Amino acid sequence: MTAASILKIAVTSEGPTLADPVDPRFGRAGGFVVVDLASMATTYVDNGSSQVLAQGAGIQAAENLVKAGAQALLTGHVGPKAWAALQAAEVKVVQGVEAMTVGEAVAKFKAGEFAFSDAPSR
Amino acid sequence: MIIAIASGKGGTGKTTVSASLVSSWKRPVLAVDMDVEEPNLHLFLKPESVSSEAAYLEVPVLDKTLCKQCGACAELCQFKALSLMGAHLLVFPDLCHGCGGCMRICPEGALQKGQRELGAVETGVTPGGIPCLTGRLRIGEAMSPPLMGKLRQRMHAQAAKESLDIIIDAPPGVSCPAMTAVQDADVVVLVTEPTPFGLHDLRLAWKAFRPLGKPMGVVINRAGLGDDRVHAFCREKGLPLLAEIPFRRDIAEHYAKGGILAQLDPGLRATFEDLAERLERMGAEVNHA
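Quick note, the sequences are listed as chains A and B, same order.
Residue 1 is where the first sequence starts when you use the numbering used here, and the numbers rise one by one after that.
Residue 1001 is where the second sequence starts when you use the numbering used here, and the numbers rise one by one after that.
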């Protein structure tokens, strides 16, 4: 999948809107703002079901994200297990996204300022 | 009879009490170090001719040629050890708790038995002839209760075969490892110290273990330090104060050299002999009830 063919992206977020700060955590993120790139319509996916898990939060978060139909993920860090899950579902990942709002992250993605990761964080 | 030496707070003296209690126990006894994340009872009991055996947990291995991606296993697993992502079933064996449910529920027989190494179970005998059992968690292994389960099986088998009482040095805290360590006990000893931290964690331990319905008693280590709020707590909750170990420099020096406190002087010997007698009485009451 090329960047141009991506229609929906998910951004880990501390809140439900484009104005909320990016949550740099993936598995323990508060939620995902899922953005339709054509219309810029957003939906919010709560990630509370992952946050409460003793283990496997990243895997659960990946499942939540795939269910929401996201083809790419913008976040701070993705661990090895979540990475494997996202790879299996062919979700593209951008890491190192933090200290900005969800809207800013989406704008940078659309402007081609982000590169997809080829490995998880440790 | 099984005695578990536990505490909420780490570093209160569980191992110190365990080693002295083992050396003061009147009947034949098996010393078990269940603090598998950092076993240290052997530093005091000094078992010899130690043999080590690896312990394993049964975990699923996927045969991709048989899997039809129905997702039944992933739905069953409460620990995310299995995840159905699109057309791929993913297995994360290090998250598996070993319940075996996925292998049973799979209609295709696509999940087969594999193994994850948990660590090792070590057996030895002290120079005085006391048998010792220790669990040692593999570095990188995140869960200690499965290895503790293997240790418990071994402990029960050896105690039954040789008619031994058991003294368990439990891990600190009040979560799964601590609960696993005390579940077989007839009597639980809570070791604490008369400080605000000691009291705080003693309260947590009392709350965590009380629902098990086992008789409990308290040993205060470093007595003379801090204040008397631990004493007040014990009175309030009806927890018998079984022994007090004074806060003394010569005790710390003896401990630091790997010495057993009950062997330091006649006063401490009497303290631990008395503790052993009281615990035997408490255990006997449980077994007769």
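These aren't lab readings, by the way, just hints derived from the structure by calculation.
Among the hints, a few may not be true.
Unchecked claim - Within a straight-line C-alpha distance of at most 25 Å, the following computed PhoX-like cross-link-like pairs (lysine-lysine) qualify: (1) A:Lys67 with B:Lys1064; (2) B:Lys1113 with B:Lys1068; (3) B:Lys1257 with B:Lys1046; (4) B:Lys1068 with A:Lys67; (5) B:Lys1064 with B:Lys1046; (6) A:Lys92 with A:Lys110.
Said to hold, decoys possible - Residues from chain B that keep clear of chain A, each with C-beta distances beyond 12 Å, as calculated: (7) Gln1078; (8) Asp1094; (9) Met1143; (10) Ala1252; (11) Arg1281.
Since the structure is predicted, the reported quantities are computational estimates derived from the model, not experimental observations.
Virtual Cβ for every residue (Gly too), placed ideally from N, Cα, C.
Status of each hint after checking the structure:
1. A:Lys67 with B:Lys1064: Cα-Cα ~23 Å, so holds.
2. B:Lys1113 with B:Lys1068: 18 Å, holds
3. B:Lys1257 with B:Lys1046: 12 Å, holds
4. B:Lys1068 with A:Lys67: This hinted pair holds, its Cα atoms lying about 20 Å apart.
5. B:Lys1064 with B:Lys1046: 49 Å, violated
6. A:Lys92 with A:Lys110: 14 Å, holds
7. Gln1078: 9 Å, violated
8. Asp1094: 9 Å, violated
9. Met1143: Violated, because the least Cβ-Cβ distance between B:Met1143 and chain A comes to about 9 Å, which does not exceed 12 Å.
10. Ala1252: 37 Å, holds
11. Arg1281: It holds; B:Arg1281 is separated from chain A by about 40 Å at its closest Cβ, greater than 12 Å.
The structure is inconsistent with the numbered hints 5, 7, 8, 9, although it conforms to all the rest.
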